[in-house]
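Residue numbers (the numbering used here), protein chains in the order written: chain A, 37 to 203; chain B, 37 to 203; chain C, 37 to 203.
Treat the hints as calculated values from the structure; they're not laboratory data.
All of these numbers come straight from a predicted model, not from anything done at the bench.
Incorrect hints may appear among the rest.
One copy or any two copies: either way a pair holds, since identical chains are not told apart in the list.
To be verified - The calculated DSS-like cross-link candidates involving lysine-lysine, where the alpha carbons are at most 30 Å apart (straight line), are: (1) K51 x K106; (2) K106 x K142; (3) K52 x K106; (4) K198 x K106; (5) K144 x K51; (6) K198 x K51.
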Amino acid sequence: SYVLGAQSKKVISSKKPCKRLVLYYHDTMFTGNNAGNATAATIANPNGTGLGPFKFGKTVVFDDPMTPDKHFRSPPVARAQGFYFYDMKTTYNAWFAYSLVFNSTKYKGTLNIMGADMMDEATRDLSVVGGTGDFFMTRGIATFRTDEVEGADYFRVEMDIKLYECY
Amino acid sequence: SYVLGAQSKKVISSKKPCKRLVLYYHDTMFTGNNAGNATAATIANPNGTGLGPFKFGKTVVFDDPMTPDKHFRSPPVARAQGFYFYDMKTTYNAWFAYSLVFNSTKYKGTLNIMGADMMDEATRDLSVVGGTGDFFMTRGIATFRTDEVEGADYFRVEMDIKLYECY
Amino acid sequence: SYVLGAQSKKVISSKKPCKRLVLYYHDTMFTGNNAGNATAATIANPNGTGLGPFKFGKTVVFDDPMTPDKHFRSPPVARAQGFYFYDMKTTYNAWFAYSLVFNSTKYKGTLNIMGADMMDEATRDLSVVGGTGDFFMTRGIATFRTDEVEGADYFRVEMDIKLYECY
Chain A
37 SYVLGAQSKK VISSKKPCKR LVLYYHDTMF TGNNAGNATA ATIANPNGTG
87 LGPFKFGKTV VFDDPMTPDK HFRSPPVARA QGFYFYDMKT TYNAWFAYSL
137 VFNSTKYKGT LNIMGADMMD EATRDLSVVG GTGDFFMTRG IATFRTDEVE
187 GADYFRVEMD IKLYECY
Chain B
37 SYVLGAQSKK VISSKKPCKR LVLYYHDTMF TGNNAGNATA ATIANPNGTG
87 LGPFKFGKTV VFDDPMTPDK HFRSPPVARA QGFYFYDMKT TYNAWFAYSL
137 VFNSTKYKGT LNIMGADMMD EATRDLSVVG GTGDFFMTRG IATFRTDEVE
187 GADYFRVEMD IKLYECY
Chain C
37 SYVLGAQSKK VISSKKPCKR LVLYYHDTMF TGNNAGNATA ATIANPNGTG
87 LGPFKFGKTV VFDDPMTPDK HFRSPPVARA QGFYFYDMKT TYNAWFAYSL
137 VFNSTKYKGT LNIMGADMMD EATRDLSVVG GTGDFFMTRG IATFRTDEVE
187 GADYFRVEMD IKLYECY
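Next comes chain A alone, as it looks inside the complex (with noise of 0.2 Å):
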């Protein structure tokens, strides 16, 4: 549905990533008396702006695990650090921006990220717009899928991070 241009000059299979991770996000939020396990917290509007009833507004920041299966107790295998916040008053919906740190012996480095969450579809693309250390400059996508929500204070994310430019 678009149109290429005779100056395009790069040619990328959108069914090969070059490097594939797959990772789960767990958001476990601060209610005050947690912070022994909280690794996120609101920075703004808890409970919304007034603009609809699905927290318009609602602002948080993290410092989240991510594994590399579903168990919140599994080992990290890199951290998530960045925002989100909601921002449709017709639905719960997001807006993500944040990095995957790695500090591990198999990857140092992170990935940077920034997408909307229209956490209605099944499954959401995101944009993986930069990368450092061995993920130096690298391009891709980053595939949500809501896996659990348990009440307002913790839900965890399948990202499935799939990189189409490495070097």
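Position chains B and C against the provided structure of chain A, taking the given hints into account.
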């Protein structure tokens, strides 16, 4: 004004985008009693932080309609979901990060955009840093031109989106 | 430590940027009575959210001068416009997204940067995810090195900006 290194392999003509979209962004602020029409809300510092008289630090989250012409009531062809804040003490100036979310018969996917909005300039360029779906892995430039401002509660910006990397 | 797919067409030497700029970022916080000198202001949670003692969730918007040397009073060659927040409960750690805005005889245009600022590390890399004007479509790495911290109200960071994609 810069040196091209020998390792720079891509040659992209800045004059020929591989795709171009001109859309209008309508930002209608929530004032407390217009939830039906409003699509944006202040999440912090409605009057700024006090660092100068230009609302430095006022921060807004939006889910704004994008129309193909200037008319607020035209059917939107995308949503702009993200945030901006004012960030200068000597004039109005803003910084934006957001996604354009397309979900129509023509396009499905997103464009992710960030950059400085120097509101005193006739036009200003932000970066399209990634895309998904029909805009898979794209990059480019989004040129803002303020089209109308109606007090503090509505403004319209023409966004001329030129993509230079298409896949 | 990663597999290069056959569709990866670009070969970029990580040792040879096509352009490099070393600049100093000066962050002077607004304390309520220093509007003449201050160029940054806290927009949320001046003391953090209570998740740990390291100001988790404190968020700052800035329009900071960038100088070619360490001297605060040197003529700035760019402005850094954006925001950061603290995001760790066990140490000081931050996350940045901002634009470097150049408007001089030498350069006109912007660089857009985002990433994790792991303040305990001697150096840390963020991603240059796009550029405009003289930096049209560029990408690269911005390496932060803390150069000086004076209490809570001033710090200086060396930003070593290496661009690996130039056009």
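Hint-by-hint comparison with the structure:
no., hint, in the structure
1, K51 x K106, "within (25 Å within a copy, 38 Å between copies)"
2, K106 x K142, "within (20 Å within a copy, 37 Å between copies)"
3, K52 x K106, "within (25 Å within a copy, 41 Å between copies)"
4, K198 x K106, "within (19 Å within a copy, 38 Å between copies)"
5, K144 x K51, "both (26 Å within a copy, 18 Å between copies)"
6, K198 x K51, "both (10 Å within a copy, 25 Å between copies)"
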